[in-house]
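**Q** Start from the sequences and build out the full structure, keeping to the hints where you can.
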Amino acid sequence: MTRALWTHLLKDLRIEWRTLDALISMLFFSGLVVVLFSIAFDPQGEFAQHIAGGVLCVATMFASVSALNQAWAREIRHQVMDAQRMVPAPAAELYLAKAIANFLFVTIVQIVLAPFFFVFYNLHVAGNAWLLALVLPLGTWALVANGIFFAALSMSSRNREFLLSLILFPIFIPALLAMVQSTTLIITGESEPTLWIKMLLGYDIIFTTASLLLFDVVFHAE
Amino acid sequence: MTTNAPGAELTQTCARSVEPCARIQQVSKLFGSFAALRQVTVDLEPGRCYVLLGENGAGKSTLLRILAGLLRPTYGAVRVFGGSEPQQERARIGYMSHAPMLYDELTAQENLRYFASLYPGRHCLAPAEALRQVGLDPTLARTFGQYSQGMRQRTSLARVLVPQPELLLLDEPFSNMDVESARQMVELLSRFRHSDRTIVLTTHQRELAAPIADWILTLRAGRVASFEPGSPRTGPSGIDPESPAR
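First to last, the sequence lines map onto chains A and B.
Just so we're aligned: 195 in numbering that gives the first Met the number 0 is position 196 of the first sequence, and the numbers increase by one with no gaps anywhere.
Just so we're aligned: 68 in numbering that gives the first Met the number 0 is position 69 of the second sequence, and the numbers increase by one with no gaps anywhere.
Bear in mind the hints are in silico, worked out from the structure with no lab data behind them.
Predicted, not measured: the structure shown is a model, and the values here were computed from it.
We put the CB at the ideal spot given by N, CA and C, even for glycine.
A few chain B positions that, by computed beta-carbon distances, are all more than 12 Å from chain A:
1. 19
2. 27
3. 78
4. 131
5. 147
6. 149
7. 192
8. 193
9. 210
10. 225
Here are a few chain B residues that face chain A, going by a calculated C-beta distance under 10 Å:
11. 68
12. 97
13. 103
14. 104
15. 110
16. 114
17. 162
**A** Structure representation (C-alpha cells):
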C-alpha cells in the first residue's frame, strides 16, 4: 500500500469516525429493509431460506447507494477536489482509498445486521457457511468499486443522486445475480455455488481494473 | 512583461529579458457560447507579484484556473517554468480558490498533514510551520469547520504554502474578510513578495492589493483592458532593490 493511498484512506476513516454519517444512514436504511421485508412476506422455513439471499443483497445494495451518493460530497463542498487535482499523487489511489473505506463501512453494516437478519428470517445455513465470508465481501466490493467510480462520474451533474442509481443498478445486475444465487445456494445447501463465486470474482477484477484505469480521466475532467 | 493591450496585438511594457515563470499565449476560453477569456497574452516574470483586477465575470478566476492546470484553454497555449504544461508541474503551483479547499471535519494540522503527504518526493513545510507563517496557532484543537472566515482564509493559504510552490495563484484572498483580517493578509502577502515566488492574485479591492503589486492587470469582458506598474519595491533603506536605476 503506497503512502498516498494510506493517507487518503486514513483521512476517510477519521472523518467517518468523527461524523458516523455513512454508517448511521446505512444501518438505519438496511435495518428498515430487513424488517419491512420480514413483515411483508412473513418468511418461514424453506421460503425464508429461498428469499433470504435476495433480501440481504437488496438491503446491502440500497444501503450502500445511500452512502455512495454522499461519497464525494465532502470533496465537492469547499472544492477540496480541486486541491486534490493539484497534487502529484496518482488519482487512482484516491479512488482505491475511497472504495476501500466504503467497503469497510458496508462490511461493518453487514456484520451488525447479520444477527438480526438470522433472527427475523429464522434461518439456519444448510451449506458451507464460511463461503458467505467470501461471497458477501466479493459482492460488496463489486457494488462499492462501481459505485465510487460512477459517483465520481456523475459528480458534475445536478441530478447526480438519481443518475448514480440509473447507471449503477443496470451495470451491477450480473454481480447482483451472482451474489443472490450464491448466497441462496449456501443458505439452502442445494448445490455448490462455485460457478457463481467465480463469476463474482471475475466481475470484480474486470470492473476494478477498468475503474482504476479510467478514474484519472474522470477525475481531471473539467 | 508582455501583454495584449487594447488596440495592439502585443505591447512590450517592460524591457527586462528574463525567462518567464508562465507564458500565456493568445488564450481564449469558451464555456458553451460564452467567452470567459478572449485572446489573452501575458508573460509572468519570476519573483513578481501580479494583481488581477476586474468586475465579476471578467475572467480573473478562469485565467487563474487555467494557470493552475484545472482548466484547459479552448484556444491558445499556457506554458509554465520554461515550456511545460501546467498539468505537468502541479507540484510547483499553489492554488487558493474562493472556497477553502479543506475538510471541515479535520483540524487545520490534520488537513495540512493530509495534503503534505500527497506530494511524494517534494520537500514540504511542516504543517505547524505553515500555520505559524500565516499567523495561526498550530496547537488549536478545533476542527476547520469551527474556524472564523479570516482563520479559514489563512488556513487555506497555509495549505497552499505547504509544498513550497514557486508559483502562487490566489483567487480573492481577501473575500469575506473583515478589515483587520484583510490587512493582516496583505502584510502576510507582502512578506511573500520579497521571496522568490511569483504571485498572481485576483481581487476587487484594488486599494488593498495595490501596495504589494509589481504589476496591476485589469481584465474586462475576458480581455486585458490595462496593464500598469504597481508600487515600487523598497528594501530596508527605502531604495527599490529592483530598480534599473540602482
